[in-house]
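S.K.: As a plain string of letters, each chain reads:
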Amino acid sequence: MEAFPAPERTGLNSAYWDGLAEGRLMFQRCLACGHAWLPARAECPECLRAEWGWEEASGQGRLVSWVVYHVAFHDWFKARVPYNVATVELAEGPRLLSNIVGDAALRIDMPVVLAIEREEGVALARFRAG
Amino acid sequence: MVIAGIGHTAFGRLPGRDTVSMNVEACRKALEDAGIEKGVVDGLFVKVPTSRFESMYGQKVAEAMRLQPRVGGVWDQGGATNCSTIGFACMSIAAGLCDVAIVALADNPKTGTRAAYERAGGDDAAYGWFGVHAGYAMIAQRHMGEFGTQAEQLGAIAVAARTHGANNPHAALRLPLTIDKYMESPWIVEPLRRDDICLVSDGAAAVVIMSEARARELKVAAPVPILGFGQGHTSWDVPQRPVMTTTAAKVSAQTAYRMAGIGPADIDVAQIYDCYTIAALMTLEDYGFCKKGDGGKFVEGGNIQLGGRLPINTSGGLLSETGMPGLQMVMEGVRQMRGTSHNQVKGAKKCIVSNQGGVMTTHSTLILGV
Ligand SMILES: [Zn+2]
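Same order as they appear, the protein sequences are chains A and B.
Quick note: the numbering used here has the first sequence finishing at residue 195, numbered continuously throughout.
Quick note: the numbering used here has the second sequence finishing at residue 1768, numbered continuously throughout.
Treat the hints as calculated values from the structure; they're not laboratory data.
Positions of the beta carbon are idealized from the N, C-alpha and C atoms, including for glycine.
Treat the hints loosely; a few may be bogus.
Some chain A residues judged to face chain B by a derived CB distance under 8 angstroms, without partners named [claimed, not checked]:
(1) Ala71
(2) His100
(3) Val133
(4) Arg145
(5) Leu162
(6) Ser163
(7) Asp168
Distance condition first, Cα-Cα at most 20 angstroms in a straight line; then the derived DMTMM-like pairs of lysine to aspartate or glutamate [said to hold, decoys possible]:
(8) Lys1690/B - Asp174/A
(9) Lys143/A - Asp1497/B
(10) Lys1436/B - Glu1423/B
(11) Lys143/A - Asp1522/B
(12) Lys1617/B - Glu1461/B
(13) Lys1744/B - Asp1666/B
(14) Lys143/A - Glu67/A
(15) Lys1436/B - Asp1497/B
(16) Lys1748/B - Asp1666/B
The shape of chain B in the complex, shown without the other chains (with noise of 0.2 angstroms):
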């Protein structure tokens, strides 16, 4: 299976659009950049928008685009949901199900509305207990209390996504930073500050799926091969998780680099899911690419930057390029494949992608080639 095109809206404020407008738009786009005809495409998988719910949604995108699909419809595991989605595209088409597939997500949480983003705690609200960023505030505790995890060291994560966002001209947040202006930064939920969580972005974003051969067949210009995914979902709330500081992610890379017969030391450029700095961090670790526990090291040094051992969100991540859940780490991840990225990684040949919902609840992984 290869990714035959990308395609997404801008990124920021879109005042007065709503997420069936900015799905069309995205999806025109991926099949501009396929050099394809919307008639071929048989398959549509959508994201639910985080921020609002709606039933039957993937067939309000397809009756806007004047689609029946053979298979369509949304799915939800929040931030983890496209890559996961793209997974069931490919075995869609090796199934037979369908042929050419979209996978799509719109959000307009800047704009419209966030009540999914600030939902209160339930009966836990009675001791202060609200919205997500505690979440990751818990779980970065408990890995500076058991790691000696430093603050310096989550902010090398944030560093690195705006020192590479600010090279990208779609990015939303071009503002580089500096460890000192990170450690100046306000606490939001200790010890998570502001700068270690994302951007909130309206957006969307659209990659077109099919198998090698039809890729051939439609003469594709630049078809980026998909050599492994998986998934795998910690699913309980943080405090009822007996090990807080691993998740499923390690399963979900797991299961991606036997799919695709490699290891963590195979990839040269990486795109980890940064909700939050400390997700990307333990995401990090979980994928292998150092011991459980020295993320903290590995981050330092420029080691993520352009140059470094392994770059990562080489177009600035949620923290910088749009806090849009997932899909963006994706087009990037074909970008570095096609050697087009604004902070292209030389000679890369393998990248790696996270997508992530929740609280680290949900994990999806996908592993690109070239």
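The shape of chain A in the complex, shown without the other chains (with noise of 0.2 angstroms):
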């Protein structure tokens, strides 16, 4: 069976990973013109400068819009279909994809909540209904 895909670490996002390992989701914002976003990148993308720094997140966020894997395409998630995958958006801006986790109903635009969650020793900024 294939490993769990885990994230590959870089200097670039290794304090968003280090963050989700002590319990907080951390986003980026530009220290010019106050742009926030994920996941990491070394410019604004809206000003185009590099002085930016990490910011904690509240953990609230909305759901955009998710979907359900009914079928696998990677061994490691062959026992777990149909699964979901989500794209979340933070009260602060940055968006990400993520679980939601727990039996709530899913809609569109409904509160979640972070739900860290470890896997294979990773911590996953994964969501539940909030």
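Hints given; two lone chains; assemble the complex.
M.R.: Following this line, the structure appears as structure tokens:
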């Protein structure tokens, strides 16, 4: 069986994954224009400057949309189908892909709240109905 | 500018054929259709095969045809490439860079490599995010939530394509589909079912572009005028799009309509890129055939089938004719304007063609006339 597809750590994104491991969801904010974003990148995509810092997210968000995989495209997920993958927008603006945990029926724009879970030693930013 | 000739290989499984060979066959047939000799061609615009990137691929095709084009190479916008390169060919001819251009594509994901279609989802793979289907499914779910779009309405697009394709002897999948059968089709990535997803096909296609004056000089039998073209590129990854349910298809179409001096009400038949049913539904909205969110109602009741208000994908589209990325839609537009389609729309005088790539990431539009 294929191994868990762990995220690739880089100099740029290590603060993100370290933050999750310590129970905090971090995002980047531009020191010049205030734009906030995920995933990690070296320049602010709004003003193109390279001066930015990491901030901790409140953990509040909204479910933009989601899908349910009925076919696994990787061995690791074969026993898990059907499973969801969701687009979540944080209250602070950045968006990320995630999983919604729990039994609540999903609907677009429903509030969700951070529920960090560990898988194979990697802390993942999952969410539950908020 | 006109499309002077069209040519294509068989569609479906073509084991053992490399993409350069398929390109040569399609180009030869397009030249035969135009009734012109290879020697007049001095522009060669090629789409890099989606299934395998190769450096200097356009020059490999040129060498296989013993051409040294004044303008030549590959362009990459995924499935939007062909309508875009037809536009670039028109502009190159208008600017005097070349005189007669071929636009060509070949791909063999069915029997060759499919690596590019099965790529993992980067760091998001940790959440189980893989492949292209899910991106379209994410957009479809949002469309259903925002506008109440129903599964049966996505199904109506698949039914129209498969009905038209069943009547096309070149179609790779000639198996008519009913709404009931569509609803029994298994989920792949919900809300998308197997029958929402296009075929995987080997094949090649080519078209010849030149000015109307040159077509007269060369005694081209059935030139089809290009009335307008446009592009628009949403570019951002699906989760990052502030609005998921409108794309730059809108900008692309507006550019093409303006160039042609017409609007959606003037269009008689449309070839709408249907790699996924939701892509076709949203393109119909973004092209102005109905209001944003009304695409589901627009495609119901046979409206998009032959005899309906706006027949689309009259050769079967990507869902039935061939999954090849895009040029087959242009060729069918040419047949409709010549009056030679297997599903001819009587008296059709204007056809709009959409091409798009990625997950509604790139978009290009072509308007053809008579
Ligand atoms: Zn900035």
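S.K.: Next, verify each hint and record whether it holds.
M.R.: Verification of the hints:
1. Here the hint on Ala71/A is kept, as its CB sits about 6 angstroms from the closest CB of chain B, short of 8 angstroms.
2. Violation of the interface hint for His100/A is found here, the shortest Cβ-Cβ separation to chain B being roughly 13 angstroms, above the 8 angstroms cut-off.
3. A cut of 8 angstroms between beta carbons decides the hint on Val133/A: the least distance to chain B is about 4 angstroms, and the hint holds.
4. Evaluation of the Arg145/A hint against chain B yields a held restraint, the C-beta minimum of about 7 angstroms falling below 8 angstroms.
5. With 8 angstroms as the threshold, the beta carbon of Leu162/A comes within range of chain B, its nearest partner Cβ sitting at about 4 angstroms, so the hint holds.
6. Satisfaction of the interface hint for Ser163/A is found here, the shortest Cβ-Cβ separation to chain B being roughly 6 angstroms, below the 8 angstroms cut-off.
7. Below 8 angstroms, beta-carbon pairs count as interface contacts, and Asp168/A has none with chain B, the closest being about 17 angstroms; its hint is therefore violated.
8. Only pairs whose Cα atoms come within 20 angstroms are accepted, and Lys1690/B paired with Asp174/A is accepted, the gap being roughly 19 angstroms.
9. A C-alpha spacing of about 55 angstroms is found between Lys143/A and Asp1497/B, which places the hinted pair above 20 angstroms, so the restraint is violated.
10. Simply put, Lys1436/B and Glu1423/B have alpha-carbon atoms about 13 angstroms apart, close enough for the 20 angstroms limit, and the pair holds.
11. The suggested pairing of Lys143/A with Asp1522/B holds, with an alpha-carbon distance near 17 angstroms, which does not exceed 20 angstroms.
12. A distance of roughly 27 angstroms separates the Cα atoms of Lys1617/B and Glu1461/B; the hinted pair therefore is violated under the 20 angstroms criterion.
13. The suggested pairing of Lys1744/B with Asp1666/B holds, with an alpha-carbon distance near 9 angstroms, which does not exceed 20 angstroms.
14. For the hint linking Lys143/A to Glu67/A, the alpha-carbon distance of about 10 angstroms falls within 20 angstroms, and the restraint holds.
15. For a cut-off of 20 angstroms, the pair hint linking Lys1436/B to Asp1497/B stands: about 12 angstroms separates their Cα positions.
16. For a cut-off of 20 angstroms, the pair hint linking Lys1748/B to Asp1666/B stands: about 5 angstroms separates their Cα positions.
The structure shown violates the earlier hints numbered 2, 7, 9, 12.
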